[in-house]
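Based on the sequences and whatever the hints tell you, model everything.
The residues making up each chain are set out below.
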Amino acid sequence: MNIAVTPPVDKPGSNQRPAMYYYDHFDRDFVQERVAEFRNQVERRLSGALSEDEFRPHRLMNGLYLQLHAYMLRVAVPYGTVSSDQMRQLALIADKWDKGYGHFTTRQNIQFNWPQLKDVPDILQALADVEMHAIQTSGNCIRNVTADHFAGAAADELEDPRPTAELIRQWSTNHPEYTYLPRKFKLALTGSTADRAAVMLHDIGLRIVKNPEGDIGYTVIVGGGLGRTPMVGKLVKDFLPRADLLAYLAAILSVYNRYGRRDNKYKARIKILVHETGLEAFKAEVEAEYAAMDRSGTNADPAELARIAAYFASPVFETVDAGDLEVHKAAHPDFARFVDTNVAPHKANGYAIVTASIKPYGGVPGDVTSAQMRLLAAVADQYSCREMRISHEQNVIFPHVKQSDLFALWQMLKTDDLATANAGLITDIIACPGMDYCALATARSIPIAQEISKLFANEERQKLIGKLGIKISGCINACGHHHIAAIGILGLEKSGKESYQITLGGDPTFSASIGERLGPGLDAEEVPHVIDSLVNIYLQQRQGDELFIDTYRRVGQAPFKPALEREVEDGSDI
Amino acid sequence: MAKFKHPQILTCSDLITGDVMFMQEGDWNRDHRRAKVAHTEEEAAALLARGLADFAKNRVIDVYLVDIAISADGHPEPIHYREKIRTLGPTMRLDLGKQAEATFAGDI
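Sequences listed follow chains A and B, in order. Residue numbering for the first sequence follows the numbering used here, beginning at 10 and increasing consecutively. Residue numbering for the second sequence follows the numbering used here, beginning at 4 and increasing consecutively.
All the pointers check out, no bait thrown in.
As a list, the in silico PhoX-like pairs of lysine-lysine whose alpha-carbon atoms are at most 25 Å apart:
# : chain 1 : residue 1 : chain 2 : residue 2
1 : B       : K39       : B       : K60
2 : B       : K8        : A       : K503
3 : B       : K87       : A       : K503
4 : A       : K506      : B       : K8
5 : A       : K105      : B       : K101
6 : B       : K8        : B       : K87
7 : B       : K6        : B       : K87
Restraint ranges, calculated between C-beta atoms of paired labels, are given here:
#  : chain 1 : residue 1 : chain 2 : residue 2 : range
8  : B       : D30       : A       : A322      : 55 to 61 Å
9  : B       : Q102      : A       : V336      : 45 to 51 Å
10 : B       : A103      : A       : D224      : 54 to 60 Å
11 : A       : G565      : B       : K8        : 43 to 49 Å
12 : A       : N183      : B       : A103      : 38 to 44 Å
13 : B       : A103      : A       : R53       : 32 to 38 Å
Everything labelled a hint here was simulated from the structure, so no lab data went into it. This structure is a prediction, so every number in the text was calculated from the model and none was measured. No residue lacks a Cβ here, since even glycine has one placed at the ideal position from N, Cα and C.
Below, the structure written as structure tokens:
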């Protein structure tokens with residue numbers, strides 16, 4: 010896809026426009042054609058010319074599901090990057106065609122829970138107007154490519170992964186060989202020494218690395234995933250030269266397309282293929298495919314990657330100091346807590362990365378009102394180069410904030426409950442929509458998250474506990490990533506009632522591990538108290554500043570078992 | 004077909020709006036409390052046939068029978084929590100869904 014570029018409104022690298030990809034005429038025409046095509050399909054569906062069986066694949070390919078109460082539209086946010094103009098358009102959609110809010114997902118997307126079928130073509134047009142779409146947010150295709158939400162800003166980053174993510178997005182979107190894969194396919198990238206993108210838990214995870222010669226390339230991990238059969242990805246290629254990326258991905262996908270199981274959807278993900286084939290045999294298949302293919306015809310022209318990368322050029326960072334940051338921290342302890350928890354190191358001196366928490370105490374994880382969307386956009390306009398990221402942790406990131414602006418930014422966020430000082434703490438809970446919205450769910454997730462959040466709302470206690478991830482899924486499909494939580498919660502049905510299994514010891518980072526089930530399922534009302542007991546046991550067991558996962562790996566599960574027998578432990582009636 | 008254990012009502016989603024509907028005597032209605040109750044397997048089969056006919060006419064989608072019990076005030080109420088939630092709306096957002104509408108607040 011090396012075609013003429015419509016010049017951006019101003020130069021990449023300036024601060025007048027966000028550092029993100031902009032559609033060229035090909036992209037615009039393609040998305041516009043898809044809107045028109047879907048409008049026609051909806052018209053034919055409503056006229057009865059298309060049956061539901063005929064229409065369903067079309068609506069799913071455009072991100073439109075039928076959920077528990079209504080249709081649901083899932084909108085792609087490529088690698089989580091969203092501009093302030095796009096955020097305002099999402100707010101408009103929420104107000105005009107939905108119920109005034111949206112939900113940020115664990116795949117860096119946003120979902121609207123109440124659209125009507127007749128309105129969806131207009132919604133897609135509104136998205137296209139700001140260079141967004143809902144294509145490939147469903148179906149057995151390559152889904153939204155996700156990336157480190159600190160990309161392009163993190164102090165620990167080797168390279169911004171988003172140009173590579175965009176290259177993969179362009180290559181894979183509407184790719185005829187990848188439209189009907191055996192099952193859905195998810196890629197994640199990071200360019201940092203810390204893994205904030207869970208690359209070990211995706212169908213393909215890519216880590217940008219530098220070899221001893223100083224060349225940039227990729228470590229390729231294949232066969233990770235959650236769902237009913239959680240698996241940590243396997244190292245398939247330690248160092249893949251940058252120029253060979255697409256050919257190597259094509260080789261992996263060809264092997265998957267050829268051997269992936271289409272007879273059983275529960276065994277159709279590539280993780281099962283890797284597992285059943287065996288890593289060495291799978292690698293041999295990929296290498297043979299790679300050796301036999303016309304790599305030059307598949308790999309991207311380096312000029313094309315350079316063209317894409319130019320869009321992501323860093324803003325022009327000023328030489329600034331922290332201003333009165335310390336004075337404000339001293340005067341406002343709640344601001345100091347916010348800085349301690351929600352502000353991360355930036356690659357540029359005098360700048361910071363800020364997490365706006367979408368996890369108010371007792372709130373719905375990931376839900377934002379249209380008013381909050383507009384506030385986020387205004388904050389981005391004023392303090393973060395008009396750019397935001399949606400994190401897979403369901404928060405919103407401001408990637409480029411002057412430290413001297415942190416106090417003013419915090420004051421703005423506070424006006425609409427977006428400044429909860431809990432990023433990475435126990436109340437920063439990831440939760441899928443669960444049975445309050447999802448047709449596949451077997452139990453509710455959100456009310457469990459709300460109760461736990463309220464229980465641990467004391468910020469001093471949260472600080473004492475430190476970083477600890479709780480993730481909740483309302484069914485075995487694991488959209489809430491419970492398998493990779495320090496404390497995971499899985500909602501199931503047992504004898505006509507909701508029942509919750511607890512898992513311990515999950516880890517989403519490079520040292521990934523799948524959580525282990527603690528014991529029998531719990532009733533909903535028992536869950537917060539058991540979590541409280543688990544945390545108390547952790548605090549008793551931990552050494553120094555040890556994280557939960559490290560304590561768990563050191564002492565094992567046995568010391569945590571009594572949390573399930575809390576009546577015996579403290580006499581309370583749970 | 005699953006064994007008939009409980010009285011049943013018929014539900015679907017409206018094609019255009021996606022709204023949850025229930026078959027009453029004459030047509031579909033948004034209020035499950037007005038739904039026609041099938042007390043026998045034959046009555047349930049007849050209900051389902053009517054619903055599938057509307058599916059075939061492209062009026063509704065996702066048609067299926069729901070097990071219910073008759074409440075103290077004589078109305079059908081789903082037995083399973085999933086279907087209870089579906090009659091009302093999200094349990095943590097009482098301002099959304101049918102539960103938020105005045106017509107669903109009181110007696111029918």
